Amino acid sequence: MKRKERTEILIQGSSTIAKDFAKEIEMRYTVTVIQQPENGLVLLKARETAKKSLFYLGEILVTECKVQIYDSIGIGIVKGHQEELAYCLAVIDAAYQADLLETRVWSHILEKEKENIQKNRQELQQSILRTKVSFETMDVQ
Amino acid sequence: MGYVAVKGGTQAIEESIKRLKYERLQKGTVLDVHTIEDGMRGLIDQVMSESSLYDQSLAAIAIKQAEGNPEEAVFLLRAYRSTLPRKHVSRIISSEDMQVERRISASFKDIPGGQILGATTDYTHRLLDWELEKETEESIQDWLHAYHAENRLTEYDQKQMSELSNLPKVLDYLRSEGLLQSCENNDLNPEDVTRKSLEFPSKRSERLQILTRGQTGAVTSLAYAVIRGYGALHPTVGELRVGQLPVYLDHPLDIGQEEDSYYIGDFQATEVEMLMPVTVEKERGKKEMEFEIGYGLCFGQNETKAIAIGILDNCLENPNTDFPSQNEEFVLYHIDSVESTGFISHLKMPHYVTFQSKLDSIRKTKEKASVGAVGGGNE
Chain H
1 MKRKERTEIL IQGSSTIAKD FAKEIEMRYT VTVIQQPENG LVLLKARETA
51 KKSLFYLGEI LVTECKVQIY DSIGIGIVKG HQEELAYCLA VIDAAYQADL
101 LETRVWSHIL EKEKENIQKN RQELQQSILR TKVSFETMDV Q
Chain P
1001 MGYVAVKGGT QAIEESIKRL KYERLQKGTV LDVHTIEDGM RGLIDQVMSE
1051 SSLYDQSLAA IAIKQAEGNP EEAVFLLRAY RSTLPRKHVS RIISSEDMQV
1101 ERRISASFKD IPGGQILGAT TDYTHRLLDW ELEKETEESI QDWLHAYHAE
1151 NRLTEYDQKQ MSELSNLPKV LDYLRSEGLL QSCENNDLNP EDVTRKSLEF
1201 PSKRSERLQI LTRGQTGAVT SLAYAVIRGY GALHPTVGEL RVGQLPVYLD
1251 HPLDIGQEED SYYIGDFQAT EVEMLMPVTV EKERGKKEME FEIGYGLCFG
1301 QNETKAIAIG ILDNCLENPN TDFPSQNEEF VLYHIDSVES TGFISHLKMP
1351 HYVTFQSKLD SIRKTKEKAS VGAVGGGNE
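Each protein sequence line maps, in turn, to chains H and P. Here the first sequence stands for residues 1 to 141, numbered as in our numbering. Here the second sequence stands for residues 1001 to 1379, numbered as in our numbering.
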């Protein structure tokens, strides 16, 4: 599973998954913290739709962490102040970079969590779609 | 009269700060920051937007510290922001990827995907709800339980479900009809007004960045002036959408690989595309009506502000010296919360020397005038 999809599931899904994965790696490998979780900013680059040009919308607070397993460096970055999650994401990223055996089993768990996320999203959409306007044409005298 | 440098006031300032804390605490109520974060969505969104910093928890602390004063909260967040390292720039955020929570058009009744009201005060009666005085944890939980039960998915719902991400845009429909000029993506790197001072004529990226971090009241007032006649626009909301936008970052060593990017979370934003009818002169003096677009995008659910940004964006794309609202220097230099409130409020800081100097001048002028009057009388 590629990083984009993986990080979507780990951040949008239950936080226990990232914790469990990171714990599993910590128990079996030496994880060196290169950069402790720390706050920083990400500048948001957006495309406007009038002339389709780019501009900076503002900044978002993030927590970032970097770890190393063997020769592989993992980066964990997430919006807000979330030190533990940033660390776990970094460990998981390093595990994938190092192509550790454990990561092959994780795909199944992530796929299952993706289904949960999808279900929650559908329920949210359902409640929003209840506010969709159904127009009725009024009688014209 | 000579000038004497003075110092002092340290103890008075310390006591004043203590007094400020007393004002916040005197009733013995601890205002939980989570309560602010969970229950003051409108103020949080306004403060994040004007601060140009998206984080609800930080905004809640700033609001608590500022005792609910938005200008002070924005000042606090801007100051805090300046202490943080800027670690990354996001991949390009496109509003087409918005997970829509609300989406309406005032121009077209039947828009592809439909008019979705979402959460809005637009159709409320604006009568004070006295029941809120009696609201309890229990009553909230009961209401939430009933709401979730109402929205539980059935198999039928799942089959009927339409997708709220990737909703078609009204502008694309107009472009396909030839009613709007189509344009290609312009990938020129934007300017950043927080790193480089503004110079005139400004660039579009600078204008949009200043407008989106502008003070809500200032931006709204100037846009209102445009519609009332201090401008030459007749705008309509083509499309307004509120929803969640995902943020992705490239790997530092592997730039441009979308599938290998990092997802870091979503943020809520309001986007508005305003339609302005204009008369365009074509070949042989033939005149035709076309639409121009004014664009507004800002953090949170700040709909009035986003509409106002859209109006001012179009004003500044079409400079006109007849109206201050179409003068970029007038608009862009006066809408920033920290700059405007900072300058106005600095007037209450000690100005003893400058004021004494003015006082001296006035006294001397008066003395000369009275001497002149007496002298004139003697002549």
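None of these hints come from the bench; they were simulated from the model. Mixed in with the good hints there might be a few duds.
Here are the computed lysine-lysine pairs in the DSSO-like style, where the Cα-Cα straight-line distance is at most 27 Å [as the list claims (entries may be wrong)]:
id, chain 1, residue 1, chain 2, residue 2
1, P, K1064, H, K79
2, H, K119, H, K19
3, H, K52, P, K1027
4, P, K1007, H, K4
5, H, K19, H, K51
6, H, K132, H, K23
7, H, K52, P, K1021
8, P, K1021, H, K51
9, P, K1087, H, K52
10, P, K1064, H, K51
11, H, K52, H, K4
12, H, K132, P, K1109
13, P, K1087, H, K79
14, P, K1064, P, K1027
15, P, K1282, H, K51
16, P, K1196, H, K45
17, H, K52, P, K1109
18, P, K1203, H, K45
19, H, K51, P, K1286
Over 10 Å on every C-beta distance to chain H, these chain P residues come out as not near it, computed from the model [claimed, not checked]:
id, residue
20, K1087
21, A1269
22, F1343
23, R1363
Coverage of chain P stretches by chain H, computed from C-beta distances (three or more under 8 Å per stretch; other residues unrestricted) [as the list claims (entries may be wrong)]:
id, segment
24, 1088-1101
25, 1254-1265
Computed from a predicted structure; not experimentally measured. Glycine residues also receive a C-beta, built at the ideal position from the N, C-alpha and C atoms.
| If you draw a straight line from the CA of P/K1087 to the CA of H/K52, is it 27 Å or shorter? | The given pair, whose Cα atoms are some 26 Å apart, holds under the 27 Å limit.
| said: For a C-alpha distance cap of 27 Å, please report whether H/K52 and P/K1027 respect it. | reply: violated (52 Å)
| query | Is the hinted pair H/K52 and H/K4 satisfied, with a Cα-Cα distance of at most 27 Å? | reply | holds (25 Å)
| query | Is H/K52 close enough to P/K1109, meaning Cα to Cα at most 27 Å? | reply | The hint holds at about 25 Å.
| field | Holds or violated: H/K51 to P/K1286, with C-alpha atoms at most 27 Å apart | value | holds (25 Å)
| query | Does P/R1363 really sit off the interface, with its C-beta more than 10 Å from all C-beta atoms of chain H? | reply | Given that every Cβ of chain H is farther than 10 Å from that of P/R1363, nearest at about 50 Å, it holds.
| task | For the pair we were handed, P/K1007 and H/K4, check the Cα-Cα distance against 27 Å. | result | violated (59 Å)
| request: Measuring Cβ to Cβ, find out whether P/F1343 lies farther than 10 Å from everything in chain H. | output: Correct as stated: the minimum Cβ-Cβ distance to chain H is 22 Å, above 10 Å.
| H/K19 and H/K51: Cα distance at most 27 Å? | violated (44 Å)
| said: Run the distance test for P/K1196 versus H/K45: straight-line Cα separation, threshold 27 Å. | reply: holds (16 Å)
| said: Please verify whether H/K132 and P/K1109 have alpha carbons no more than 27 Å apart. | reply: With Cα atoms ~12 Å apart, H/K132 and P/K1109 stay inside 27 Å; holds.
| For the segment 1088-1101 of chain P, do three or more residues have a beta carbon lying closer than 8 Å to a beta carbon of chain H? | This one holds; 11 residues, not fewer than the three required, reach chain H with a Cβ under 8 Å.
In the structure shown, a violation is registered for the earlier hints numbered 3, 4, 5, 6, 7, 8, 10, 20, 21, in ascending order.
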